[in-house]
Amino acid sequence: MTSLTFAQIQKLLSTVSGTVPDSMDCDGCFEVIAELADAEIRGDKLSDAMKAAKVHFSQCTCCAYEYATLLEALDEPESPSL
Amino acid sequence: MQQPDPENWVERLQPGAVDRDLAISELRDRLIRATTRSLTHRYGGHVDVEDIAQQAVLKILESLGTFRHQSRFITWATSIAVRIGISQLRRHYYRDVSLDATPGSCELTIDIPDLSLGAPGDPDGRSRIFTLLQQLIDETLSDRQRIAIRGILLGLPVEEIAMRLNSNRNAVYKLVHDARVRLREGFESNGVTAEEISVTIS
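Sequences listed follow chains A and B, in order. For the first sequence, my numbering gives the first residue as -5, with consecutive numbering after it. For the second sequence, my numbering gives the first residue as 61, with consecutive numbering after it.
Worth double-checking, as some hints may not be accurate.
Lysine-lysine pairs mimicking PhoX-like chemistry, simulated, CA-CA at most 20 Å apart [to be verified]:
1. B:K234 with A:K48
2. B:K119 with A:K5
3. B:K234 with A:K45
Incomplete in silico selection of chain B near chain A, CB under 8 Å [what the hints assert, rightly or not]:
4. H237
5. R244
6. S258
What the hints contain is simulated information worked out from the structure, not anything from laboratory work. Glycine included, every Cβ here is placed at the ideal spot set by N, Cα and C.
Build out the structure end to end from the sequences listed, making use of the hints.
In structure tokens, the structure reads:
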């Protein structure tokens, strides 16, 4: 039997109260992650799929973390402008 | 919208292309720089960026036909390298964290202690929500959902939980999300709103 700490209970309740419908899964998110990154870097309008990926990030910390890592990876000072 | 490929990556990486070897070398160098910048300070930084870049190049060459030109090529390629790198980092970082339960085990109950006494705020409201949470976990979640939730609360990434449950990332994500929906609906059907939960735990 596992007894949760107060911090874990807070985390669980916080994720439960923040749960919203998510039309995307992690693989679907990965399919649009590159185009989303480019669109956000350029400041372009987001497609419906990109908006769905943003919702997915709010529900999936793994994908959100990978996206943040991708943006950092792309932040190359000497890279050509888009 | 189709994105231009000014560096002609796709053409240059095709089998038989004149400067394919040079293109592969340039791509590998770009991925080494990108992964060095973005991965070496994460999850303890136990990552061999040259190995990650090499694995990524192989995957990219294998998947070249699936590139849809909806992003810059280098963004797509970097996303593949980042995913490979993070997966390896996570595997190493969490290798000693145990889920402490396997499917079929009877040790699946999440016990929520009564922490309301002595805590600031509304102890009665907090106690009611904690008790209801315990009840909802016991009555509405499956064994696999309880194991997956426990993994999340231990800080394990979804893909790590999936590996330990002999499942896949999508399936575990859905398992956990469905569990969250069930708990939220359980609270709502008992008259507890998300706002009330937020206030209680703040």
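Hints, one by one, checked against the model:
{"no.": "1", "hint": "B:K234 with A:K48", "in the structure": "17 Å, holds"}
{"no.": "2", "hint": "B:K119 with A:K5", "in the structure": "36 Å, violated"}
{"no.": "3", "hint": "B:K234 with A:K45", "in the structure": "19 Å, holds"}
{"no.": "4", "hint": "H237", "in the structure": "6 Å, holds"}
{"no.": "5", "hint": "R244", "in the structure": "5 Å, holds"}
{"no.": "6", "hint": "S258", "in the structure": "5 Å, holds"}
Hint 2 from the list above is the single one not met by this structure.
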